[in-house]
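A.B. asks: Protein chains in written order, with the numbering used here: chain A, 854 to 934; chain B, 78 to 536.
It cannot be assumed that every hint is accurate.
[Claimed, not checked] Below 25 angstroms or equal to it, Euclidean Cα-Cα: the simulated SDA-like pairs (lysine to any residue) are:
1) 446/B with 902/A
2) 874/A with 232/B
3) 874/A with 510/B
4) 446/B with 900/A
5) 874/A with 504/B
6) 874/A with 517/B
7) 446/B with 872/A
8) 874/A with 480/B
Rather than coming from a laboratory, the hints here were simulated on the basis of the structure.
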Amino acid sequence: MSVRLTIVSAMQQVAQEQGFKTPELTDDLLLHQSGFDSLGFAVLVARLEDELGIDPFSTADDAFFPETLGDFIGAYENVPA
Amino acid sequence: MSPREIVALSHYLTKGSDSRTLSDATCEVAFADIAHTSCLGVEPSELAGRSVLLSLSTQLVTGIAMIELDGVARRMLLCPPDVDMSYAADLIADAEIDAIVTDTPERWQGLGIDTIVAAGLPLHPAAAAATTHATSWLMLTSGTTGRPKIVAHTLAALTGAIVGDTVAKDAPPTWATFYDIRRYGGLQIFLRAVLGGGAMVLSAPGEAIGHHLARLATRGVTHISGTPSHWRKALMNPAIGSFRPDYVRLSGEIADQAVLDGLRNAFPHASIGHAYASTEAGVGFAVNDGREGFPAALIGNAPGITMKVVDGSLRIKSTRAAHTYVGRGAPSLTDADGFVDTGDMVELRNDRYYFVGRRDGVINVGGLKVHPEEVEAVINQHPSVRMSRVRARRSPITGSLVVAEAVLASVADAGRTGAIREAILANCRASLPLHKVPAAIRFVQQLEVTASGKLARHA
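All chains should be built: construct the whole structure from the sequences, respecting the hints.
C.D. replies: Pasting the structure below:
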């Protein structure tokens, strides 16, 4: 499964578990409009670390968090596994 | 207290049936024989008035030495086998130890103690020493890290919960405990056996749980105690089926509904209860209605004890509490009003208090508090789960997340862990706020239990 597909599928899974619906998961979706709160993102990032073996937000030198879904996916695609 | 008012443990040796014994996996000793024999390498009277540290490989010899030295020594410090020797000099200084009774003398050389006394079996004939001292019993707290604290009890405080705990004279009980008798929970059972006229079957380090259960059944054990973790392990073993105790007690950890129900299923006719006790606060109270938590009416109302809840934690003032911490710079055991802060957090729901966890075990998820134990209690409700451990996982977003490990009750369920995981998570979502729901659940073969019988949380 591609990184993108893994992320989208994990997002849908977490949203379902936490009882909310995501809007259409497009690259230009602003993350603060995705329905995810900080707990949702924390769970998502942990799941992705288990599935992909990377956590770009813990390994980054500077604290950063992307604004759009495209940037979020990019953070995973751009980290050498 | 004048010597004639002191009733030492040796006084009870010849009470009750002559046939009562103290046994472990390899040896058996009659209580009545201890009255005129000794396990010590010197005359017991040579230790009169001394501050004695007991460091022995077996609980059996420790138990005999405790009986011989109570009423004789000024102080008796009980060292469990896993005592961290890097603190040995501190323990000796804090407890003002001037004699060591040990079967591993090489460990205790070079610490400035001249009197190192051997001890072991077989027992040899010896005159019992006169009762001259109200011996102070020193025990180590079971904290997991750092320098252990020494807690001082009197025999009267240690046995305060036993007097009045009447035992039928016609059928003296055979006691057992999964605890080591050098720890508070185990010592309570040992003292019940000595004072109450029963026999006792000791646990043995490293003994497989199946062998231990078989030994308990063979010896006809009627009364037994352990932590919920001890019991969860026992309930997973097929040998539990041949063991039929009449009296089952849990203490030392939170007894959740799942483990109480599991014991009820295994022992349909036994008296099953959970007790609240700690090395510092002593025996608090017992709950025998088969339900987790305790009735709110116990607050302010339990016999011999005053309890209150302040800032969510249970505070206990009791004649059975330890009277002090021992040593230089030791903190005060009680507050100005005489209450021990137990550090155990409780929540009031519908006229009942429920234990939610330890104050120092809180996981912080984005500023919200989670007690691992409250999540474990929900996970353990699933019929396929025998025990679980909830821990913090680091998160770059919320600081921590809650994750869980679970042990299946039966290997037959190993093929359906996916469905079990979903069902556990559904239970969690139905009864816990989202930040307490585990972000991941992993199934493991077993979970480590510490030497003090508690789930290992820092492993």
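A.B. asks: Please write out, lowest number first, the hints stated earlier that are contradicted by the structure.
C.D. replies: Of the numbered hints given earlier, the structure breaks just one, which is hint 2.
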